[in-house]
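Visitor: Residues per chain are reported as follows:
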Amino acid sequence: MERILSLQDIRFSYTPDDPDSRFAVDGVSFDMQAGEWIAVVGHNGSGKSTLARLIIGLLFPQEGTVGLFGDPLTEDNLWEKRSQMGMVFQNPDNQFVGATVQDDVAFALENNGIPFGEMTLRVQNALEQVKMDTFLDHEPHHLSGGQKQRVAIAGALALRPRLLILDEATSMLDPQGREEVIRVILELREKTGLSVISITHDLEEALLADRVVIMNGGRKFAEGTPQDVFLKGEALTALGLDLPFAMRLSALLKEQGIPTEPGTMTERKLVEQLWTLHSNR
Amino acid sequence: MDIALEQVGYTYAAGTPFQKRALHDVNVRIPSGSYTAIIGHTGSGKSTLLQHLNGLLKPTAGRVRIGDTEVTKETKGKQLKPVRRKVGIVFQFPEHQLFEETVLKDVMFGPLNFGVQEEEAKARALRWINRLGLPEGTAEKSPFDLSGGQMRRVAIAGVLAMEPDVLVLDEPTAGLDPAGRKEIMDLFYELHEQRDMTTILVTHSMEDAARYADHMIVMHDGTDVLQGPPGEVFGDAERLAGWRLGVPRTVSFQRLYEEGAGLPHGPAALTEEQLASYLAAHLGEGGSAS
Ligand SMILES: Nc1ncnc2c1ncn2[C@@H]1O[C@H](COP(=O)(O)OP(=O)(O)OP(=O)(O)O)[C@@H](O)[C@H]1O
Ligand SMILES: Nc1ncnc2c1ncn2[C@@H]1O[C@H](COP(=O)(O)OP(=O)(O)OP(=O)(O)O)[C@@H](O)[C@H]1O
Ligand SMILES: [Mg+2]
Ligand SMILES: [Mg+2]
Numbered sequence: 001m002e003r004i005l006s007l008q009d010i011r012f013s014y015t016p017d018d019p020d021s022r023f024a025v026d027g028v029s030f031d032m033q034a035g036e037w038i039a040v041v042g043h044n045g046s047g048k049s050t051l052a053r054l055i056i057g058l059l060f061p062q063e064g065t066v067g068l069f070g071d072p073l074t075e076d077n078l079w080e081k082r083s084q085m086g087m088v089f090q091n092p093d094n095q096f097v098g099a100t101v102q103d104d105v106a107f108a109l110e111n112n113g114i115p116f117g118e119m120t121l122r123v124q125n126a127l128e129q130v131k132m133d134t135f136l137d138h139e140p141h142h143l144s145g146g147q148k149q150r151v152a153i154a155g156a157l158a159l160r161p162r163l164l165i166l167d168e169a170t171s172m173l174d175p176q177g178r179e180e181v182i183r184v185i186l187e188l189r190e191k192t193g194l195s196v197i198s199i200t201h202d203l204e205e206a207l208l209a210d211r212v213v214i215m216n217g218g219r220k221f222a223e224g225t226p227q228d229v230f231l232k233g234e235a236l237t238a239l240g241l242d243l244p245f246a247m248r249l250s251a252l253l254k255e256q257g258i259p260t261e262p263g264t265m266t267e268r269k270l271v272e273q274l275w276t277l278h279s280n281r
Numbered sequence: 001m002d003i004a005l006e007q008v009g010y011t012y013a014a015g016t017p018f019q020k021r022a023l024h025d026v027n028v029r030i031p032s033g034s035y036t037a038i039i040g041h042t043g044s045g046k047s048t049l050l051q052h053l054n055g056l057l058k059p060t061a062g063r064v065r066i067g068d069t070e071v072t073k074e075t076k077g078k079q080l081k082p083v084r085r086k087v088g089i090v091f092q093f094p095e096h097q098l099f100e101e102t103v104l105k106d107v108m109f110g111p112l113n114f115g116v117q118e119e120e121a122k123a124r125a126l127r128w129i130n131r132l133g134l135p136e137g138t139a140e141k142s143p144f145d146l147s148g149g150q151m152r153r154v155a156i157a158g159v160l161a162m163e164p165d166v167l168v169l170d171e172p173t174a175g176l177d178p179a180g181r182k183e184i185m186d187l188f189y190e191l192h193e194q195r196d197m198t199t200i201l202v203t204h205s206m207e208d209a210a211r212y213a214d215h216m217i218v219m220h221d222g223t224d225v226l227q228g229p230p231g232e233v234f235g236d237a238e239r240l241a242g243w244r245l246g247v248p249r250t251v252s253f254q255r256l257y258e259e260g261a262g263l264p265h266g267p268a269a270l271t272e273e274q275l276a277s278y279l280a281a282h283l284g285e286g287g288s289a290s
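Residue numbers (full-length UniProt numbering), protein chains in the order written: chain A, 1 to 281; chain B, 1 to 290.
Read the hints as simulated data drawn from the structure, not as lab findings.
Ideal Cβ placement from N, Cα and C applies to all residues, glycine included.
There are no misleading hints in this set.
Listed next, the in silico DMTMM-like pairs over lysine to aspartate or glutamate satisfying Cα-Cα at most 20 angstroms (straight line): (1) LYS254/A <-> GLU272/B; (2) LYS86/B <-> GLU120/B; (3) LYS141/B <-> ASP20/A; (4) LYS58/B <-> ASP2/B; (5) LYS20/B <-> ASP137/A; (6) LYS232/A <-> ASP242/A; (7) LYS20/B <-> ASP133/A; (8) LYS141/B <-> ASP17/A; (9) LYS182/B <-> ASP202/A; (10) LYS20/B <-> GLU139/A; (11) LYS58/B <-> ASP68/B; (12) LYS182/B <-> ASP242/A; (13) LYS131/A <-> ASP93/A; (14) LYS182/B <-> GLU204/A; (15) LYS269/A <-> GLU258/B; (16) LYS105/B <-> GLU163/B; (17) LYS232/A <-> GLU267/A; (18) LYS254/A <-> ASP242/A; (19) LYS131/A <-> GLU180/A; (20) LYS182/B <-> GLU234/A; (21) LYS182/B <-> GLU272/B; (22) LYS20/B <-> ASP221/B; (23) LYS269/A <-> GLU259/B; (24) LYS182/B <-> GLU205/A; (25) LYS131/A <-> ASP221/B; (26) LYS269/A <-> ASP228/A; (27) LYS131/A <-> GLU187/A; (28) LYS191/A <-> GLU180/A; (29) LYS141/B <-> ASP18/A; (30) LYS182/B <-> GLU193/B; (31) LYS269/A <-> GLU272/B; (32) LYS254/A <-> GLU273/B.
Ranges between beta-carbon positions, derived for each pair: (33) GLY64/A <-> SER142/B: 23 to 33 angstroms; (34) GLU139/A <-> GLU238/B: 29 to 39 angstroms; (35) ASP17/A <-> ASN130/B: 23 to 33 angstroms; (36) THR237/A <-> ARG127/B: 24 to 34 angstroms; (37) GLY67/B <-> GLU272/A: 45 to 55 angstroms; (38) GLU63/A <-> GLY266/B: 49 to 59 angstroms.
Next up, chain A with everything else stripped away, as it sits in the complex:
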């Protein structure tokens, strides 16, 4: 399998000249294969957004290397590498450049030299995918919170990137909208081999990932399948995290004298156990 991302011991401080300063990202390494979905979770200020900015080359690490699509990222290949990535920022307002929704989504395509005909097609298509195709001439800043996030996602999808980075990109969508967007991205991954890094505080979403990276105070605390990392249980609460719903409910049921299998993480698995208990009652 093709390795598309390789972080090697990267360190970054926003104030490198200040002797007391701490590293916002402090010696982080991990690799990513094409087609993978990695969820990055961690407490507020643990370095997740900084990590994302280092990957897309908005920031450069003071130590270590960011490897992208087989080469180390440098000032010289920055634009070529960046044109293969799409990023949705934590606050969509910081991302909008166009006066209308369609101009905004088209902007990066134009920059990447996509011909006009193809561009209009892609813009239309991306806005349909996020159900914002009736807002073509609206001003992006004058939309509701969730509408803004949808437009920002369309902007990244229209680029047809190899690597998509979502920084809490669905935090203001209603639950149904969130599910729809995740489904669209999963489908794209299926069809095009898209790789996804999703920074999220939604642990149920993290359960869908192939791998979870847990950040803590700028360092990588743990990395593994959702099954592996959530088995750490209560240790995660101390890091500003929580456990998925099914695990929390299992713990409450245990207190009430209803035992369930350890490590039950999905609602489906939990309800099946309860049905069995019910019929054996």
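Go by the hints and put chain B with the ligands onto chain A.
Guide: Using the frame of chain A, we list chain B with the ligands on its own:
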């Protein structure tokens, strides 16, 4: 302080080619001391409605009553100052309310603006910065050199430092880490209980609405379609689906269990603790709770 909206309509950029009707015929009542959750799909008008609660937006039709103050499209800005002191709003995007050079100045701004003395304003600000779990040294930083969740905490600290009678929260937990989310929602609830603070929460988290609110308003396409206690609102999943809304995870899990076990629907479980007790009552020794 009771709040009521009567036949409220709001159109953005009215009279221009870009005009957009965001609210129409909204009739809601928010009793003093209540904890009201407002839910509705993306673009249904929740944030627009909230901005009417302290006169940031004036209705283009109908009237808004906030305590003794009535706001219509004719109301002048300076008549609204007393309302702004009593009603604190945490906006959907925290960046929209941060502007000072340092976090400390930012959190002090509200109290100073409403006549609190410098010393007291500073003490209050430091207290809230600390209470919101911000790391050591944050007070001296620029609010724009913070992580997203840290900015959110500063924005909340700024509003709480005003010690408002009415606290209005627009998706206050977006961007907070899971532990912070719980701590801060519990903090709002504590203030609500201890100071009898009227609390109005816009949220996409049906779980938070179910857990904390005593009253709910459902918005759909710019108008209120349902009001009632959470047990009632979340008791009818089909009706909610018609407005593109769902029930809390506790309730969907409960229904899944009941249907698989061939049981009738019990009263909606509004918290995880309630759900666990309900399940235990069915499954526990000799247990049949129905
Ligand atoms: N522009 C900046 N200037 C200086 N310090 C910054 C800046 N942006 C972030 N920081 C600091 O760097 C650390 C990591 O921030 P980062 O934004 O990467 O966190 P995060 O994990 O994305 O948090 P959140 O969940 O709150 O979004 C924090 O301590 C933060 O205060
Ligand atoms: N400044 C504005 N100018 C013009 N139209 C606007 C403006 N702000 C919001 N709208 C429109 O008004 C409608 C209601 O928006 P509002 O922000 O109240 O929705 P919301 O329920 O808060 O949605 P969300 O859950 O996505 O935050 C939307 O269709 C939106 O596009
Ligand atoms: Mg962040
Ligand atoms: Mg809103």
